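Visitor: Chain A is fixed; fit chain B onto it per the hints.
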Amino acid sequence: MTKSLLSGGVIAGAVTGLAVAFLQFFLIQPLIIEAERYETGELVLMGVAQDDPSGSSGDPVLPAHNTDDADEEVGIVVRNGLTVLTLVLTWSGFGLVAGAALATHRALWGPHSISVPALALSGFAAFALSPSLGLPPELPGMQAADLSDRQIWWVMTAAATVAGLFFLSGVKSRLGRLAGLALMVAPHLLGAPQPPASVPVIPPDLAALYSAQVLGLSLIGWLALASLLFRLMPEDGREQPIVVAEAVDTR
Amino acid sequence: MSATTLSTASVQHAGLVRPILTSAVLGVFLIFAAGFASSDALHAATHDTRHATGFPCH
Numbered sequence: 002m003t004k005s006l007l008s009g010g011v012i013a014g015a016v017t018g019l020a021v022a023f024l025q026f027f028l029i030q031p032l033i034i035e036a037e038r039y040e041t042g043e044l045v046l047m048g049v050a051q052d053d054p055s056g057s058s059g060d061p062v063l064p065a066h067n068t069d070d071a072d073e074e075v076g077i078v079v080r081n082g083l084t085v086l087t088l089v090l091t092w093s094g095f096g097l098v099a100g101a102a103l104a105t106h107r108a109l110w111g112p113h114s115i116s117v118p119a120l121a122l123s124g125f126a127a128f129a130l131s132p133s134l135g136l137p138p139e140l141p142g143m144q145a146a147d148l149s150d151r152q153i154w155w156v157m158t159a160a161a162t163v164a165g166l167f168f169l170s171g172v173k174s175r176l177g178r179l180a181g182l183a184l185m186v187a188p189h190l191l192g193a194p195q196p197p198a199s200v201p202v203i204p205p206d207l208a209a210l211y212s213a214q215v216l217g218l219s220l221i222g223w224l225a226l227a228s229l230l231f232r233l234m235p236e237d238g239r240e241q242p243i244v245v246a247e248a249v250d251t252r
Numbered sequence: 225m226s227a228t229t230l231s232t233a234s235v236q237h238a239g240l241v242r243p244i245l246t247s248a249v250l251g252v253f254l255i256f257a258a259g260f261a262s263s264d265a266l267h268a269a270t271h272d273t274r275h276a277t278g279f280p281c282h
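Taken in sequence, the protein lines are chains A and B. Counting from 2, one number per residue, gives the positions in the first sequence under my numbering. Counting from 225, one number per residue, gives the positions in the second sequence under my numbering.
Please keep in mind that the hints were generated in silico from the structure rather than gathered at the bench. None of the values given here were measured: they were computed from a predicted structure. Mixed in with the good hints there might be a few duds.
[Unchecked claim] Simulated restraints on C-beta separations:
#, chain 1, residue 1, chain 2, residue 2, range
1, B, R242, A, P205, 24 to 34 Å
2, A, H113, B, R242, 15 to 25 Å
3, A, P204, B, R242, 47 to 57 Å
4, A, A213, B, V252, 38 to 48 Å
5, B, H267, A, L46, 41 to 51 Å
6, A, L176, B, H267, 36 to 46 Å
7, B, H267, A, A164, 26 to 36 Å
8, B, R242, A, V79, 35 to 45 Å
9, A, V172, B, D264, 37 to 47 Å
[As the list claims (entries may be wrong)] With the Cβ distance kept under 7 Å, some of the chain A side facing chain B (calculated, not the full set):
#, residue
10, L6
11, L7
12, S8
13, L83
14, S93
15, V98
16, A101
17, A104
18, T105
19, H106
20, A164
21, F168
[Claimed, not checked] Covered stretches of chain A (in silico footprint by chain B; criterion: 3 or more residues with CB under 8 Å from a CB of chain B, positions within the stretch not fixed):
#, segment
22, 29 to 35
23, 114 to 124
24, 135 to 148
25, 151 to 157
26, 173 to 181
A virtual CB, placed ideally from N, CA and C, is assigned to each residue, including glycine.
Excised from the complex, chain A in its bound form:
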């Protein structure tokens, strides 16, 4: 059981991570690169953009980039390679956690107690939607509160959402469901750390498109991950006790 649970989570997560990485390079990476041009001051919000003027003002930028084209290309390959690797690791982590949640749900409330969409939407709610309600996906250059405070709030919100969803989906009593709802709402009542007031550096339409695409890609990822997990961890309850019995016998 340990082996099938671990391999199921890792394989489903790694495949999802590769698919997400593929989509990320078309959808999200160009927005990150553009935001970094604002962050470094190459482009200026509400000012004169230096990327495509009709006159000669664009020329001084190009030679500066051409001086180390080879280095830059190697840098881009390394950067993108690391992004693929870390996306695979991240989604493998999501796969292992989702696999553990799936196995727990089935053990506590029956082999057919949870469906693919329910698992996908739960993961999306816990690890993307709920944290982003307080801390919207941030582009490089965006103003933000202290990093540690944001990380603590993010982890607390994700954990509370996972716990709340377990109560809501499994516990039948009204009090239990109310407790689940309270757990999910509590971090938002507490409030996410807010950035200091400042002049924006990133265009708001770029930030809006980015937020929507990050959430959209996350939803696609969670739907794929849940579908793969259900394929790799079949809900046929008859198989599980046999595997468990073997695991117990060997000890």
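Guide: Below, chain B alone, put in the same frame as chain A:
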């Protein structure tokens, strides 16, 4: 009959605790390493992933 059913269920649950915990702990470790670790090298490697996944970054 009911005692047999009960003991089978107990064995099943006892056998499930360890793999579920292992999977959850390993998963959380991977998510923390990729999304939250503060070392400069890890931050540089995971920069775009953190931004694209909605983890707090910078």
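Visitor: Now, for every hint given, state plainly whether the structure supports it.
Guide: Hints, verified against the model:
no. : hint                        : in the structure
1   : B:R242 - A:P205: 24 to 34 Å : violated (50 Å)
2   : A:H113 - B:R242: 15 to 25 Å : holds (24 Å)
3   : A:P204 - B:R242: 47 to 57 Å : holds (51 Å)
4   : A:A213 - B:V252: 38 to 48 Å : violated (28 Å)
5   : B:H267 - A:L46: 41 to 51 Å  : violated (26 Å)
6   : A:L176 - B:H267: 36 to 46 Å : holds (43 Å)
7   : B:H267 - A:A164: 26 to 36 Å : holds (29 Å)
8   : B:R242 - A:V79: 35 to 45 Å  : holds (39 Å)
9   : A:V172 - B:D264: 37 to 47 Å : holds (44 Å)
10  : L6                          : holds (5 Å)
11  : L7                          : holds (6 Å)
12  : S8                          : violated (10 Å)
13  : L83                         : holds (4 Å)
14  : S93                         : holds (6 Å)
15  : V98                         : holds (4 Å)
16  : A101                        : holds (4 Å)
17  : A104                        : holds (5 Å)
18  : T105                        : holds (6 Å)
19  : H106                        : violated (10 Å)
20  : A164                        : violated (13 Å)
21  : F168                        : violated (17 Å)
22  : 29 to 35                    : holds (count 3)
23  : 114 to 124                  : violated (count 0)
24  : 135 to 148                  : holds (count 7)
25  : 151 to 157                  : holds (count 4)
26  : 173 to 181                  : violated (count 0)
Hint violations for this structure: numbers 1, 4, 5, 12, 19, 20, 21, 23, 26, all remaining hints satisfied.
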